[in-house]
Structure formats: structure tokens, C-alpha cells
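Visitor: Each chain is listed here by its residues.
2 protein chains.
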Amino acid sequence: MSGVKHQKWWGWGVEGIGFNPEGKPNFAPFVKKAIGLDISKPGTPPKFEDLDVPAPVIDDALRTRLLDVVGERYLLDDDLDRVVHTLGKGVRDLMRIRRGDLRRVVDVVVYPADEAQVQKIVDLCVDADAVLIPFGGGSNIVGALEPMPAERRTVVSVDLGRMSKVLEIDDESGLARIQAGALGPQIEEQLGRRGWTMGHFPDSFNHSSLGGWIATRSTGMQSDKYGDIADIVRGLRAVRHGEVLALRPLPSTSSGPSVREMVIGSEGRLGIITEAWVNVHRVPEVREIVGYFFPDFTSGLDAMQEIHTSDAHTIVTRISDANETEMSFATQRAQKGRKKLVMNTLFGYLKRRGWDLEKMCLSYIGFEGGRRYVKQNQAIVKEIVTKHGGIVVGTGVGSVYDSKKFDTPYIRDFLLDRGATADVSETTTPWSNLKHLYDTTIEAANHAFDTAGTKGFIMCHFAHSYHSGACLYFTFALPDNDKATSYQNYDTVKRAIQQNFMDNGATVSHHHGVGSEHAPWMAEDISPAGTKLQRALLEGADPGNNFNPGKILHDGEPGIAMHSYDAPAPGGVSGRAEQVPSA
Amino acid sequence: MSGVKHQKWWGWGVEGIGFNPEGKPNFAPFVKKAIGLDISKPGTPPKFEDLDVPAPVIDDALRTRLLDVVGERYLLDDDLDRVVHTLGKGVRDLMRIRRGDLRRVVDVVVYPADEAQVQKIVDLCVDADAVLIPFGGGSNIVGALEPMPAERRTVVSVDLGRMSKVLEIDDESGLARIQAGALGPQIEEQLGRRGWTMGHFPDSFNHSSLGGWIATRSTGMQSDKYGDIADIVRGLRAVRHGEVLALRPLPSTSSGPSVREMVIGSEGRLGIITEAWVNVHRVPEVREIVGYFFPDFTSGLDAMQEIHTSDAHTIVTRISDANETEMSFATQRAQKGRKKLVMNTLFGYLKRRGWDLEKMCLSYIGFEGGRRYVKQNQAIVKEIVTKHGGIVVGTGVGSVYDSKKFDTPYIRDFLLDRGATADVSETTTPWSNLKHLYDTTIEAANHAFDTAGTKGFIMCHFAHSYHSGACLYFTFALPDNDKATSYQNYDTVKRAIQQNFMDNGATVSHHHGVGSEHAPWMAEDISPAGTKLQRALLEGADPGNNFNPGKILHDGEPGIAMHSYDAPAPGGVSGRAEQVPSA
Numbered sequence: 001m002s003g004v005k006h007q008k009w010w011g012w013g014v015e016g017i018g019f020n021p022e023g024k025p026n027f028a029p030f031v032k033k034a035i036g037l038d039i040s041k042p043g044t045p046p047k048f049e050d051l052d053v054p055a056p057v058i059d060d061a062l063r064t065r066l067l068d069v070v071g072e073r074y075l076l077d078d079d080l081d082r083v084v085h086t087l088g089k090g091v092r093d094l095m096r097i098r099r100g101d102l103r104r105v106v107d108v109v110v111y112p113a114d115e116a117q118v119q120k121i122v123d124l125c126v127d128a129d130a131v132l133i134p135f136g137g138g139s140n141i142v143g144a145l146e147p148m149p150a151e152r153r154t155v156v157s158v159d160l161g162r163m164s165k166v167l168e169i170d171d172e173s174g175l176a177r178i179q180a181g182a183l184g185p186q187i188e189e190q191l192g193r194r195g196w197t198m199g200h201f202p203d204s205f206n207h208s209s210l211g212g213w214i215a216t217r218s219t220g221m222q223s224d225k226y227g228d229i230a231d232i233v234r235g236l237r238a239v240r241h242g243e244v245l246a247l248r249p250l251p252s253t254s255s256g257p258s259v260r261e262m263v264i265g266s267e268g269r270l271g272i273i274t275e276a277w278v279n280v281h282r283v284p285e286v287r288e289i290v291g292y293f294f295p296d297f298t299s300g301l302d303a304m305q306e307i308h309t310s311d312a313h314t315i316v317t318r319i320s321d322a323n324e325t326e327m328s329f330a331t332q333r334a335q336k337g338r339k340k341l342v343m344n345t346l347f348g349y350l351k352r353r354g355w356d357l358e359k360m361c362l363s364y365i366g367f368e369g370g371r372r373y374v375k376q377n378q379a380i381v382k383e384i385v386t387k388h389g390g391i392v393v394g395t396g397v398g399s400v401y402d403s404k405k406f407d408t409p410y411i412r413d414f415l416l417d418r419g420a421t422a423d424v425s426e427t428t429t430p431w432s433n434l435k436h437l438y439d440t441t442i443e444a445a446n447h448a449f450d451t452a453g454t455k456g457f458i459m460c461h462f463a464h465s466y467h468s469g470a471c472l473y474f475t476f477a478l479p480d481n482d483k484a485t486s487y488q489n490y491d492t493v494k495r496a497i498q499q500n501f502m503d504n505g506a507t508v509s510h511h512h513g514v515g516s517e518h519a520p521w522m523a524e525d526i527s528p529a530g531t532k533l534q535r536a537l538l539e540g541a542d543p544g545n546n547f548n549p550g551k552i553l554h555d556g557e558p559g560i561a562m563h564s565y566d567a568p569a570p571g572g573v574s575g576r577a578e579q580v581p582s583a
Numbered sequence: 001m002s003g004v005k006h007q008k009w010w011g012w013g014v015e016g017i018g019f020n021p022e023g024k025p026n027f028a029p030f031v032k033k034a035i036g037l038d039i040s041k042p043g044t045p046p047k048f049e050d051l052d053v054p055a056p057v058i059d060d061a062l063r064t065r066l067l068d069v070v071g072e073r074y075l076l077d078d079d080l081d082r083v084v085h086t087l088g089k090g091v092r093d094l095m096r097i098r099r100g101d102l103r104r105v106v107d108v109v110v111y112p113a114d115e116a117q118v119q120k121i122v123d124l125c126v127d128a129d130a131v132l133i134p135f136g137g138g139s140n141i142v143g144a145l146e147p148m149p150a151e152r153r154t155v156v157s158v159d160l161g162r163m164s165k166v167l168e169i170d171d172e173s174g175l176a177r178i179q180a181g182a183l184g185p186q187i188e189e190q191l192g193r194r195g196w197t198m199g200h201f202p203d204s205f206n207h208s209s210l211g212g213w214i215a216t217r218s219t220g221m222q223s224d225k226y227g228d229i230a231d232i233v234r235g236l237r238a239v240r241h242g243e244v245l246a247l248r249p250l251p252s253t254s255s256g257p258s259v260r261e262m263v264i265g266s267e268g269r270l271g272i273i274t275e276a277w278v279n280v281h282r283v284p285e286v287r288e289i290v291g292y293f294f295p296d297f298t299s300g301l302d303a304m305q306e307i308h309t310s311d312a313h314t315i316v317t318r319i320s321d322a323n324e325t326e327m328s329f330a331t332q333r334a335q336k337g338r339k340k341l342v343m344n345t346l347f348g349y350l351k352r353r354g355w356d357l358e359k360m361c362l363s364y365i366g367f368e369g370g371r372r373y374v375k376q377n378q379a380i381v382k383e384i385v386t387k388h389g390g391i392v393v394g395t396g397v398g399s400v401y402d403s404k405k406f407d408t409p410y411i412r413d414f415l416l417d418r419g420a421t422a423d424v425s426e427t428t429t430p431w432s433n434l435k436h437l438y439d440t441t442i443e444a445a446n447h448a449f450d451t452a453g454t455k456g457f458i459m460c461h462f463a464h465s466y467h468s469g470a471c472l473y474f475t476f477a478l479p480d481n482d483k484a485t486s487y488q489n490y491d492t493v494k495r496a497i498q499q500n501f502m503d504n505g506a507t508v509s510h511h512h513g514v515g516s517e518h519a520p521w522m523a524e525d526i527s528p529a530g531t532k533l534q535r536a537l538l539e540g541a542d543p544g545n546n547f548n549p550g551k552i553l554h555d556g557e558p559g560i561a562m563h564s565y566d567a568p569a570p571g572g573v574s575g576r577a578e579q580v581p582s583a
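Chains A and B supply the protein sequences, listed in that same order. If you count the first sequence from 1, position 258 lands on 258 in full-length UniProt numbering, and the numbers rise without skipping. If you count the second sequence from 1, position 477 lands on 477 in full-length UniProt numbering, and the numbers rise without skipping.
Rather than coming from a laboratory, the hints here were simulated on the basis of the structure. From a predicted model like this one, the values you see are computed outputs, not experimental measurements. We put the CB at the ideal spot given by N, CA and C, even for glycine. Treat the hints loosely; a few may be bogus.
[Unchecked claim] Calculated lysine-lysine pairs in the DSBU-like style (CA-CA distance at most 30 angstroms, straight line): (1) B:K41 - B:K483; (2) A:K225 - B:K225; (3) B:K225 - A:K382; (4) B:K339 - B:K24; (5) A:K387 - B:K375; (6) A:K405 - A:K435; (7) A:K225 - B:K435; (8) B:K382 - A:K382; (9) B:K532 - A:K120.
[What the hints assert, rightly or not] According to the in silico footprint, chain A covers these stretches of chain B (three or more CB under 8 angstroms from chain A): (10) 207 to 220; (11) 226 to 236; (12) 251 to 259; (13) 465 to 473; (14) 506 to 513; (15) 518 to 528; (16) 535 to 546.
Build out the structure end to end from the sequences listed, making use of the hints.
Guide: This is how it looks when you write it as C-alpha cells:
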């Protein structure tokens, strides 16, 4: 009705697109081996009719005033729209959808046309003591979109989907002014027409928005070159009660604690972001993603670090561990003819060279720039890869990765409909701690699988290099056959992994944000004094608690966290956050 | 007595070091021409006996408790130490010193040995409702160290000079844990012994500390490679009332609004920084600073931008305008023999090529890395320089710049003692706005010189390239012969320049911070809504207003700003902060 398209109410992406195991003969045996699941049975997506959606809580006066602002077409309060705007796409959200477990559903959805309408909506809602939750692509996986369960006030979801334009490009400065509701493809399409790219490609790219990226401190796959969203965003505008926060585009400034950085990661709690000035780059002459194999994860990690400290410049440096490498092969189409021959020859050669193919790790490294520059960088990388025992596989494998890079969530939904739960936990830590963190996390997950008495699978990739460290991205899965215990089993594993991050010098999340999911670990992540500073800012800036309350920091009421859905809260704040790892 | 050395109470650097015009025959004529000043008369530095230092305000109980913490040697309340810890090294500070114009002088100086002592001092002072002002190298030039004039409570200066150690180096991650009181040379000496560098070289390097750099959002000369201090600092510890804020070293994180970024630029208002984890880099194989000449500033700026958007990697890209180029030559030693011949031949060649030597601009570009990498980058730069009409002068001129890069403040003091005022204003703006900002700032300054009815001189250099823009750094001077009007004349010029930044899409300061000097422009710089967010944070985190009150944001009392020393406050907040420059 609004003209704004949304993802499936029950899963990732739009209706009609999903993971298809046909022509991928290795997938079913892989899943069977990994988590004991038989995927031959057809999946059963949930039915909307089965949901019991509570009636909206809104008085006529506020509804009428909101209608006056946006018009009838752009105020929606039917059940489907309200449910779509209540949950994100985290596995907890999707498990709950499948159990009909809705709690506080947003009461009304409005689609403002421009910043002036956002201002009117914000002022009306705060004056009426309603709650405002901004909505971009709805891809959040940390519970940042859902109202708090005990919320009694009217909850208004502000969908920015109509505000999706690139407003201007400053060609001379490499800056573009873009509306917050623009989704990844809308941004790149509009920029691309004029020869520019923002270079920000998170996994959620197709279904996430500029405003969402800023609000959650997002990072894209090519951050080695383009930086985190915190680097990319140079100015922004956000609507607060009775005023617009207006930060002009500046390359750098020393005017006090950075207000730009306060809004980045604020998850709707400081106002509604309406537009931003972002760094944009000329589409490069050459862009190549090259595939590499390493004999094991350790040698691969060593190579990644050496590449990062060398004179080489890359756009992405990524390596999967052996489990994720196996999963990659398992989701590929069966290879035929010459391709099959080449791969078999290659594997034969590696075996003869003494490689244990069960331990082999697949790596992708990306290059951009002038042709000569790309060649120079590839030469440096090749030398380092070879030194660490790896081999260059080439751009064929690289382009397969490049074309499939946004598709992983579809596999998650496919499994969910067939009786398995899969989720992700990602973090960063200094280089010196990477292997330790990897080992302890795998161990913590396996221990948690044992505790839960279930078969389970965990895999990992390394990505996002920084001067002092990098990101480890874990994906885990376990069977979900017994509805009585499966949520708790999942929760046990998820908690064990996140707690291991806290206990071993890593952060609660590198690029997924906090929401209500990660909030219980904040005092350990940034120390109790750190949460006090965040609280001073968030509460001081929003005394009525109208802007997406309960996210990032809870109000301290036990049980309010989405996180503690049906399991006990983690054991409070330990003294460990005071420690710093030693060299 | 404390063993911690300080700068001159009346000027830059330590006693015995200053600018010496001998052997620089072009300097006196240059100053005469620029601002009509005859420098042949000897300078008259002020005498400490002439100062009337008010008695300290502290009750015996607090003094005794502080003594118990640090011991007799490390609590100082003699007049000299109190004055040294009250003022920074801004030209306003030094003009006031020369007039005996002290206002609120700090009451006592303590030198804690470690973080535990800082915690005790902080707790004692907040419990006694005293004011705490942290002190590093004392080089601040924006009035961040001085108590507010109306402060009635006891003011304690916490000098971190004893906390100057590199505590550990994480060799594998390129991270070092360093105490906040360490000055630039102390840091580089300790790191250099183990083959590392932090690469952070602000103009104040010799007399500024890590804690000061963090508290003011500092940037070093080689930021093109090493980044701003906000990029370099990955974790930190800061003492607050009853607690330590402890942020572990993380390459990147998405845990809500960045607390790390809240402390960076907080100027003592969120607590006392005791140590930080910073990025450190291996001392490069090759480091070269190359000099270039351009026919004029415009062609030079175009070249700087093209270098930055090319595949070349530099550590510093800098170009002086014609006035600053003339000043550079005027402060050089007389050249003899072969050097003189080479330069004369070069100038002759340029004249024949049609250059107007009065418009010629001197540029320095720095390179680091492996020998081959440096050569590749120099080749790309040479091609771009040539395309824009410039020529390579070589590493001889470059190394002169490199050896003199920290010396400019001595010339300022030399002039001040001989009847001239000189000060700086620096900012950033997007590339598309650089030339407009340069032109309008020069015009605003010249107009202000006319308004004040005085001769004046302004020069500028470009430095610190970012993706979307860069820094312009202006230095201006005017004669200071008439004590009755000279301060007001200076103030007229300084205000005109800063206001021009605000009116033309630039920030109040790129790397000098806010203090009390720039505070009046904050609402224009970050919009009134931005100052509300800063206020929510600063006031919420320090309800008793004990931590360096009045800095960054004033309490709104007219006349409290150091800025409005003896001139009216600027005309309030204009609506212009709401505008963003269009492409």
C-alpha cells in the first residue's frame, strides 16, 4: 500500500527468493554429517493466520494527527505491517515467529515523505508520550527494532522507506548526501549511474539502509579499503524533539567529544537520522577478487596479518576455517567438464604435496585501483601467501564468492524450516589474541553443545583487517527437533560464545550492534564506568525515554531483556572488564 | 622539586632555547615589510617578580589529605608552579602574562606516581567539592588549562609528568600501552629503542603529552599515514569519581555510541586519562621528505588533491601559500657556496620559464615504506606535480623542513617580546570548498586588519589530507605597539577568521580543540542540538561539575568565556549551522 517493499514477515529477503539445494549434491550429506539433520523433507514456513496479533494501542487523537501529517496511504496499522515492523531477522525473531510468540507489537507504522514530516511525527509522538522506533530495511539481528515487552505507551514505527534518494554528489570532494531510508542497492544504483560507489557492502546489503548502518555502527565486507561506517559518514542530520541535529560534512574536527560518533551506534535512541554525507569513491578501473588455498587456518591467519602489515593494499582479506571451507564446497553447484577436471587435478596436486584436505582453508583477497597498482599489490600478496604455504587459485573461485556473498541468510531460513537453528556471533580482537580467541570460542561452543546434549557445528571466517587486529565471524548450527528444549539449547550455545568473547579480550560485536540482544554484556565490554557515560548521554538527551527505549542499555529491570527470553540472565558484571590483555 | 621539567612560565619551550635571527639576513627585512616592525631592538621577556599572584584557596584538611597521597615532594603550591600550571601557551596566555593579568590561578599542583594515586586524588577532591584540571605538557593554546575566572572552589592541577612510561608493547599487534603523562620525545625514545614509532608528531610534539593529545583530539603532521589521535588510540583508562573507565584495546567495535570517542576530545571533563593503548608501527626502512615548488597556490592545491585520490601513498602532503613560502625563505640561514649557486640557478630557470617568484609556493611531501614502495609512490607524485606545473626540488629542502618542524612557536615568542602579536587558526573543509575558504579567510583577515587600523600579515599552509577534504592552517601577525588597543586589535582579527570558518563550511578547529577559546562557536559548529548532546554527556557524567568545568561548553553566563577577555562576545548562534554546502 505504501509502495515500500519489505522482506518476508517470516524470513530473509523478499518472497520467492530462497536457498535451493537442487544441483548441490554435497549439501544434504554435509548437513547430515554436521548436525544429523535430514533435509530431504520439505520445509514448513509458518502461516500468518496462525499468529495471534494483539490489537493496536493508540488513541484517536494521535492517530488523526499522524494521518494529517503523512496521509492515509502512508499510515498503516494492519496486522501484517505491524508484525513486519516489530521483529528483525535475528534467529530469535524467526524462531519466535514460528512459535507464534509475539509480545509487544508496534501499534502503527508511518512512512514520512521527508525530514519535515519526520519532525512533525517526532514532535507529535513525544508530546503525546509515545515511543518512536525508526525502521530501515528491517534486517537487524540484535533485537533493536522490537518494543520492550512491558511498554504500555503507544509505539510508532517510523519507516524511512520513502526517503531513499541520493540528494547530491559533491564530485570534487568525493562526498554524497543520501537519505537515511535508502537501501544498499538503491544507493549503489544511483551513485553508479554517475560513476561513484560508497563501497559499503555488509552481508545485509540488499535489505539494509544507510540510516540503519549508521545507527548500528555497521561495517561492510570491503572495509580494508573503505573503512567502517564510522569512517565513511562525515556529516548527518537527525530529527530530535523540536530540533534537527545538523552536522556538516567535515573531513576531521577537534570540536569536543564527537557528536557524529555519538549518533553512530545510537540505535534510534538520540533521534531519527534523516540523511548523511558519506565518502564516495570513483568506481575503480580494475576490481578483482582472487581465491587462495592454505594448508590450515593458522598459516592463513599468519598470512593475513603479514599482508596487512606489508606495503600491499587490499579491499578485503578473508579466510574461512576448515569447517567453513567444507561448507563453501557443500553449497556449490556440482562441477562439470573442464572445471571439475581442473579442481580434481588441483586437489590431487595438493595431496601429493602433503596437504590434509580436511584442514584446507579457502581465502579471498580483493584488489581495486589502476591496473598497474592492482598487479603490484597482487604480486606482494602472492609472495606472502607462498611464504606461508598457500597457493593462488585465481579469480574464478573469487568471482563465485563475489556473486554469492549476500546469500548466507537464505540457508539459515532453509534450515530453520527443516528443524535446525543457525546463528552468528562476530567480534574483533588484537592480532596477538586471534588464535587464542578462535580456539577458546570453538572450545566454548563445543562444550555448550555437550552441555545441551546436542550435536552441533561451528565454523568461522576471518575478515576486516585493521592495523591492530581483525574480526572473527563465527556461524553455528544445531538441530531444533524438540520444541521444548531447542530454544534453551540455542541460548546456551549463543551465551557461551558471547561470554567467551568477554572473557578473552574481544568485543561483544564488531558490526551487528547491541540492541537488546547484546545489552547484558555491555558493562563487561566497555566497563561499568563506560555504560554510565552512555547512560548519561542517552538519558540526558531523551528525558522522556521516547526514542527506542531499552536498547543498548536496559533499565535494569530483570527479565526485560529480549536476551533473557526463557533462560536466566548472564551472571552479572565480572571484574574482568578491568583487565587488558598483556603483550 | 618534583623532578618534572616544565616549559618557560612566559613562553614556549624550556629556558635557554629560543629563536635566533643571527645568520638569517632576510628575516629582519621580511618582518619590517610584513608588519612594519623593527626587530633590531633587544626583546624584553617579562619578570616573574612583576606578577601579583593571588594566595591559594585550599583548606588544611584537603591539603593534608593530598599530601598523604603524593608526599611532600609531589605537592607544590609555590607561586611559580601555580602560574606554570594555570596558563597554556596560546598567544592570549602569553599576552596576559606580559601584562601581569592573572585571574584565577590554580591553588595547588599534585604529581601522582600512578593510577592508584590519581584515583585517591580524584576521590578526595570530588568529595571535598574541589575542581580537578589535568596537566600534561602545558602546551594548550585554546584556554583549556585555566580555571574559570569566577571559580570559588579549590582548584587542583593534576600534573601527570611522573607517569611517562611505555608500559608494554604488543609486538604482534602493533599496540603499545603508554602512560598519559609521557611527552612526545619520551614516547618516541622508548618506542624507538624497540624499533617502533607511534608516528604522531603534532607541532607541539616536544612539549605535549599522550593524555593531552587524546583530551584535545590532536592530529600529527604525518596524519596522512598514521591518522588522527582518534584513529591511533584503541583503548584507554580514565579515572572518574570512585571508578576507572577501562576500555580494552580493540581494532573496532559496534557496542553503541563509542565511549572511546567520548573521552577523545573531552578536555578533562569526563575524568583523568591515565594511560592508553595506541597503534604503533615498525620504524620504516625508508623515510624521505621531498621538496617541490609550484608556480602558485591554486596549482599546488590541485596537485595535493590529485595525489590524494591517486594510487600514491604519502605520510604528509603539505604546501605553503606564497606568503608562507616567503616567510620560510626569510627564516633560513644565508646560503653559501654550492647551495647558493644551485638555488640561484634554479630561480633563474624558473623565471625564464615564466614563473612569478612572488607567487611561488613551497611544498613538502613525505614517503615511508620499503625502498621500492617509496620509489613507486614518488614516481606517481612526480607525474602529478609535473602535470600541475610544479617541479621536484629534492630531499635537501625536505630535510630542512623536517629538522625545523617544531620551531615555529619560538618565532612567535621572539616577536611577542619585540612588539608583535602572532597567532594561528586552523580548520578543515571539503576539497570543493578549500579555495573558497582560503580566499574568504585571507579577505576576512585583511578586512579585520583595516578595521583595526593596523598593518597585518597572514599566511597559510595546506596539510592533513583526508578522503573528502583537508586542513588549512593560517598564521597571522600584527604589530602590538600600543598596549591600549593591541589586545582588541588582535581579538578583532582572530574573531574574524574563526567566524569566517563558521560562515563558510569549515570547522572551529581541526586539531587544537575547544577549551574556552573556541567554545563560543560550538553551537554554530555542531548546531545547537549538537551542543545539547555534548552537554547531556558532560553534565550527566559529572553532576558536581568538578572536572575542568567551563571548557568546551560554557555555562551560559555572559563574560565567563576567556574568549571575551575584553571584547564583546560574538553575536550568538546564527542559523547558518543548519546549512550544508552544496555540491
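Visitor: With reference to the structure, classify each hint as holding or not holding.
Guide: Now the hints, each set against the structure:
1. B:K41 - B:K483: Within the cut-off at roughly 18 angstroms; holds.
2. A:K225 - B:K225: Holds, at about 14 angstroms.
3. B:K225 - A:K382: Holds, because 24 angstroms separates the two Cα atoms, which is no more than 30 angstroms.
4. B:K339 - B:K24: 15 angstroms, holds
5. A:K387 - B:K375: 24 angstroms, holds
6. A:K405 - A:K435: 25 angstroms, holds
7. A:K225 - B:K435: 28 angstroms, holds
8. B:K382 - A:K382: 28 angstroms, holds
9. B:K532 - A:K120: 20 angstroms, holds
10. 207 to 220: With 4 residues close enough to chain A, the hint holds.
11. 226 to 236: holds (count 4)
12. 251 to 259: holds (count 9)
13. 465 to 473: holds (count 6)
14. 506 to 513: It holds, with 8 qualifying residues against the three required.
15. 518 to 528: Three-residue rule met by the region 518 to 528 of chain B, so holds; n is 6.
16. 535 to 546: Three-residue rule met by the region 535 to 546 of chain B, so holds; n is 7.
Of the numbered hints stated above, none is contradicted by the structure.
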